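Fit chain B with the ligands to the supplied structure of chain A, relying on the hints for placement.
2 protein chains.
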Amino acid sequence: MANLIDGKTISQTIQDELKAVCEDLNAKTGKAPGLGVVIVGERKDSQTYVRMKKRACEKVGITSISKELPADITQDDLIKVVQEMNDDPEVDGILVQLPLPEHINEEAVLNAIRIEKDVDGFHPENIGKIGMRGRDPLFVSCTPKGCIELLDRSGVKIEGKHAVVLGRSNIVGLPVSLLLLGRNATVTICHSRTADIAATCREADIVIAAIGKAEFVKGDWIKPGAVVIDVGINSVDDASSAKGYRLVGDCDFEECKKNASLITPVPGGVGPMTIAMLLSNCIESAKRRLLPPQ
Amino acid sequence: MANLIDGKTISQTIQDELKAVCEDLNAKTGKAPGLGVVIVGERKDSQTYVRMKKRACEKVGITSISKELPADITQDDLIKVVQEMNDDPEVDGILVQLPLPEHINEEAVLNAIRIEKDVDGFHPENIGKIGMRGRDPLFVSCTPKGCIELLDRSGVKIEGKHAVVLGRSNIVGLPVSLLLLGRNATVTICHSRTADIAATCREADIVIAAIGKAEFVKGDWIKPGAVVIDVGINSVDDASSAKGYRLVGDCDFEECKKNASLITPVPGGVGPMTIAMLLSNCIESAKRRLLPPQ
Ligand SMILES: NC(=O)C1=CN([C@@H]2O[C@H](COP(=O)(O)OP(=O)(O)OC[C@H]3O[C@@H](n4cnc5c(N)ncnc54)[C@H](OP(=O)(O)O)[C@@H]3O)[C@@H](O)[C@H]2O)C=CC1
Ligand SMILES: NC(=O)C1=CN([C@@H]2O[C@H](COP(=O)(O)OP(=O)(O)OC[C@H]3O[C@@H](n4cnc5c(N)ncnc54)[C@H](OP(=O)(O)O)[C@@H]3O)[C@@H](O)[C@H]2O)C=CC1
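From first to last, the protein sequence lines stand for chains A and B. Following numbering that gives the first Met the number 0, the residues of the first sequence are numbered contiguously, the last one being 293. Following numbering that gives the first Met the number 0, the residues of the second sequence are numbered contiguously, the last one being 293.
Isolated chain A, as found in the complex (with noise of 0.2 Å):
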């Protein structure tokens, strides 16, 4: 029977070293990390993912700088903003909240970011980085970030482990196989067309499960001891609950947890990890504008 891999309390733990650096940058320098927040319109959602990271960034110590726009801005106006951040010397990182309004291409809002902005790690001059030798980016995507620091601080040996991959998608699927195989994993990326996706999980050392459905994966596709990182974040119908639904993952939890030697909880996995992870982005690079090069 598994162990949880507690990302909150993992979160918490990072959080706090986080608030530690950033008081020390602010011994050395007088000043604070600045994060610039885009929302756009007034999805519920989004107002709720917005609050919760200015929130976590107030009590680590970064300065958070929020613009909150009409949903019928055109998306030159949105990229002006954005501009504007780009060229503001006390924004450190800018974070456009996601899903935008339909008339607005968000490729074009997200490559307007200059790149020693990207927090968020989506600039695919960042993604190409991460998979090659010698090069470093200068942002890794959050949620991929935190995957790997979910290993790392649960004593995860990744070298020359078989890591199988559920997934590819720009945000989460491949930038974590590229970390993994940065880590001098071995691994193995599944997605829809994938022929036997069963029989290739069941071959990992460590499973990464992001795919979006909701308990996809079975328990029997866990080799006994393997660890599970389970990324989805799923609602499904759930009459018992007050609020008519329960957030499960990719994976079937109660399950997989039987095989697996330890995995992650949906939720209280991954998702507390990205945010500290941009946090963590956010600070990175204050520290690469706040600080002399060694």
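Because the hints were derived from the structure by calculation, they are not lab data. Check each hint, because a few of them may be wrong.
Identical copies carry no separate label here, and so any pair may be met within one copy or between two of them.
Said to hold, decoys possible - Straight line, CA to CA, 25 Å or less: simulated SDA-like cross-link-like pairs of lysine to any residue:
#1 K222 to R201
#2 K156 to A194
#3 K212 to G159
#4 K222 to A197
#5 K222 to I196
#6 K212 to G181
#7 K222 to E202
#8 K212 to R182
#9 K156 to M0
#10 K79 to R134
#11 K212 to R132
#12 K79 to A111
#13 K156 to R192
#14 K43 to S63
#15 K156 to A1
#16 K212 to N183
#17 K286 to D15
#18 K217 to G267
#19 K156 to S191
#20 K212 to G133
#21 K18 to T28
#22 K27 to G60
The model shown is predicted, which means the values in this text are computed figures rather than measured ones.
Relative to the frame of chain A, chain B with the ligands by itself:
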């Protein structure tokens, strides 16, 4: 017993096709694609490669503009030459022949090439975009692109197949893995820290060997019916040959071909494709310059 994938013939076919494309371009615009070639020093092997590339350009109708620079050129002066080529509208692609002399930082020189002229496809942004959904690289590095062409022109279906790539270098292993992923293969990437490379290889429907070790892949690593693309070029002592050596791949060809359904020889497999893909990238670039966007 495997059939051979004849890279020499396929490369020639492609060069004939490219010649027709150049003629068409010339008829429409009165102009020819231009390849800038930079060679530093007097290394015999580099001179041979550059001569081969220039001759191939000439045959298909690409103008090659070459700069032969002394081995003691400073890095700054070399970068100036690259920048002149960046600014030269007649140059569609820039090729800096590697290796460079030791006092020069290769990465700095390669970084100086404008991404619009990076026909080698080594820029991290190009690498990132190969792996990302919905993002098209300007150029795909030549050897990896050549491997895919060999599969396509031999009628090998890639989608849904399990491809195992041996090697993860920036110029071969990594980009070919990302290309196979983009073509909907399930991809496993192996390297020197892989625990049981023979067992992993045995599961492959498609093996790409790019490790640089003579005859490293044994016959019983190949699943019956698998397709083998051998990228390796290694010279081994051979007293019976006039030169005292011969070239072999990363696979034990005689043994592997017993199990494989299709296999590339070395030489005459991937090697001739690299140059064809370089010409192809240069022509793509010229089309972007000379033809109005559709
Ligand atoms: N914890 C966190 O902070 C975060 C959680 N998430 C969650 O992670 C999950 C994945 O997110 P994201 O990567 O953005 O999702 P995407 O929808 O962008 O990608 C899903 C991937 O899973 C693959 N896939 C879909 N169905 C199947 C199937 N039946 N079998 C095998 N593979 C399949 C897709 O394959 P193909 O490429 O072939 O279509 C694709 O590569 C979601 O539940 C999301 O909510 C995401 C970001 C952050
Ligand atoms: N046909 C053509 O036109 C071209 C041919 N080549 C040839 O392809 C081969 C590979 O080239 P290149 O990619 O540049 O080589 P690199 O030396 O850059 O990379 C070799 C890769 O193989 C891995 N490797 C090395 N030894 C082992 C081992 N014992 N077991 C498993 N993996 C191993 C390395 O792993 P790690 O990362 O852990 O060190 C590394 O990822 C060479 O023979 C080269 O000459 C190259 C370019 C063009």
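So, going through the hints one by one against the coordinates:
Taking identical chains as interchangeable, the C-alpha atoms of K222 and R201 lie at most 25 Å apart whether they share a chain (5 Å) or sit on different chains (19 Å). Within a single copy, K156 and A194 get their C-alpha atoms only as close as 29 Å, which misses the 25 Å cut-off; across copies the closest is 13 Å, which meets it. Taking the shortest alpha-carbon separations for K212 and G159, only the inter-copy value of 20 Å comes in at or below 25 Å, while the best intra-copy value is 29 Å. In this assembly of identical chains, the alpha carbons of K222 and A197 lie at most 25 Å apart whether taken from the same copy (11 Å) or from different copies (20 Å).
When the C-alpha separation of K222 and I196 is checked against a cutoff of 25 Å, the pair qualifies both within a copy, at 13 Å, and between copies, at 19 Å. For a Cα distance limit of 25 Å, the shortest separation of K212 from G181 across copies, 21 Å, qualifies, whereas the shortest one inside one copy, 27 Å, does not. With identical chains, the CA atoms of K222 and E202 are at most 25 Å apart both within one copy (7 Å) and between copies (17 Å). Taking CA atoms no more than 25 Å apart as the test, K212 paired with R182 passes between copies only; the shortest distance there is 23 Å, against 27 Å inside one copy.
For a Cα distance limit of 25 Å, the shortest separation of K156 from M0 inside one copy, 19 Å, qualifies, whereas the shortest one across copies, 41 Å, does not. Taking the shortest alpha-carbon separations for K79 and R134, only the inter-copy value of 23 Å comes in at or below 25 Å, while the best intra-copy value is 31 Å. Proximity of K212 to R132 under the C-alpha cut-off of 25 Å is restricted to the inter-copy arrangement: shortest distance 19 Å between copies versus 33 Å within a copy. Only within a single protomer do K79 and A111 lie at most 25 Å apart by alpha-carbon distance; the minimum there is 9 Å, versus 29 Å between protomers.
For the homomeric pair K156 and R192, the shortest alpha-carbon distance between copies (13 Å) is at most 25 Å, but the shortest distance inside one copy (29 Å) is not. Taking the shortest Cα distances, K43 and S63 sit within 25 Å of each other inside one copy (20 Å), while across copies they are farther apart (59 Å). Proximity of K156 and A1 under a CA criterion of 25 Å is satisfied intra-copy only: 17 Å inside one chain copy versus 40 Å between copies. For a Cα distance limit of 25 Å, the shortest separation of K212 from N183 across copies, 19 Å, qualifies, whereas the shortest one inside one copy, 28 Å, does not.
Within a single copy, K286 and D15 get their C-alpha atoms as close as 17 Å, which meets the 25 Å cut-off; across copies the closest is 55 Å, which misses it. Only within a single protomer do K217 and G267 lie at most 25 Å apart by alpha-carbon distance; the minimum there is 20 Å, versus 46 Å between protomers. Taking the shortest Cα distances, K156 and S191 sit within 25 Å of each other only across copies (16 Å), while inside one copy they are farther apart (28 Å). In this homomeric assembly, K212 and G133 come within 25 Å of each other (Cα to Cα) only across copies, at 21 Å, whereas the closest approach inside a single copy is 36 Å.
For the homomeric pair K18 and T28, the shortest alpha-carbon distance inside one copy (15 Å) is at most 25 Å, but the shortest distance between copies (62 Å) is not. Taking identical chains as interchangeable, the C-alpha atoms of K27 and G60 lie at most 25 Å apart only when both belong to the same chain, with a minimum of 14 Å there against 62 Å between chains.
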